[in-house]
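Asker: Given chain A's structure and the hints, the job is docking chain B onto it.
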Amino acid sequence: MNEQHTQTEHHESGHGYGIYILVWLGLLTLTGITVAVAGINLGGLTVATALIIASIKSYLVLTIFMHLRVEQTAFKVFVIVALFFIIVSFVLLFSDYSFIQDSNV
Amino acid sequence: MSIPAPFTNKSEQEVHVHRDDIASRMGMWLFLFTELLLFGGMFFLYSVYRYENKEAFHNAARELDTLIGAFNTAILLTSSLTMALSIAAIQKNKKMLSVVFQMITVALGLGFMINKYFEWSLKISHGLFPKSDVMLSLDHGEIIFFGLYYVMTGLHGLHVLVGMVLISVMTNFTLKNIINRENYVKLESAGLYWHLVDIIWIFLFPLFYLITYSRITDYPASPKRPPRRDGKQASNL
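Chains A and B supply the protein sequences, listed in that same order.
Residue 1 is where the first sequence starts when you use my numbering, and the numbers rise one by one after that.
Residue 106 is where the second sequence starts when you use my numbering, and the numbers rise one by one after that.
Bound conformation, chain A alone:
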């Protein structure tokens, strides 16, 4: 094999049309569910439910539409690290924020 990393070896394993259409139907269904669920009063779980459904949709887009599923491991590690730091930032933000709130009381 040569040193070039071209798509010739990669596109043989590319997805067919079918899986994309399935994922698209899944995404539309999830959108319908998230709209329907928003009409129900779940109290404090409303935001959590919406975000969980959005995360599932993003997972589908990332793995299938953005080809992460057939991509090399390095790409998956990249994405996981990036998302990890976003989550860390959120946790730190809110722990800091709630601390400021408490100290003001």
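Treat each hint with caution, since some may be false.
Think about it this way: if two alpha-carbon atoms lie no more than 20 angstroms apart in a straight line, the pair counts; the simulated EDC-like pairs of lysine to aspartate or glutamate are [as the list claims (entries may be wrong)]:
| id | chain 1 | residue 1 | chain 2 | residue 2 |
| --- | --- | --- | --- | --- |
| 1 | A | K76 | B | E140 |
| 2 | A | K76 | B | D125 |
| 3 | B | K200 | B | E287 |
| 4 | B | K197 | B | E140 |
| 5 | A | K76 | B | E287 |
No lab work stands behind these hints, which were simulated from the structure alone.
Answerer: The following block gives chain B in isolation, referenced to the frame of chain A:
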């Protein structure tokens, strides 16, 4: 990097042109992470302000039309599908099919922007724009909500426009065979960008249009609040 001549045969290309498609895609992903930071910062702002102004965010979001939001979500998801299909088509060496899918993607992006235009115009005709008298009469939290709404959906809309231009350039490349079955990494990178824009919308949609659609009883509408400006009855929300 020089552009491979049309129909260059594979072995010739590999000898003369240095290509590393994996590195190209990885570079695109790294760029997408910087986009994640850009929007992430705004989501941080949104979450803290929402936490501080729960009631105001709930009331303000009633102004947004869930139907337009859901319709735009469907448009963008479909455009992501056609983008993915255009890559699948070029992988199968179906050039014209790929071009058609790319053109549908751009058309759907345009549809999204047209909807956005009408949505914003409606808000502006109701006097809901920064520094307007109506806006300044609102609760502080509601002003923040609309500020975030304009900035975040505006920046997202800008990304949709950039994506449309990018994909149009790719369509041109495909027609000129610069993008072909053996070399379609440019199309893939444009696709990655388009899908990221889709993912951002997947989160923007519930956060601005949906979360407050629920019949929440714990936050009664504030008494000083004027009736909905489009005349719709908001009491059932």
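Asker: Compare the structure with the hints numbered earlier in the document and write down the numbers of the violated ones, lowest to highest.
Answerer: Of the numbered hints, 4, 5 do not hold.
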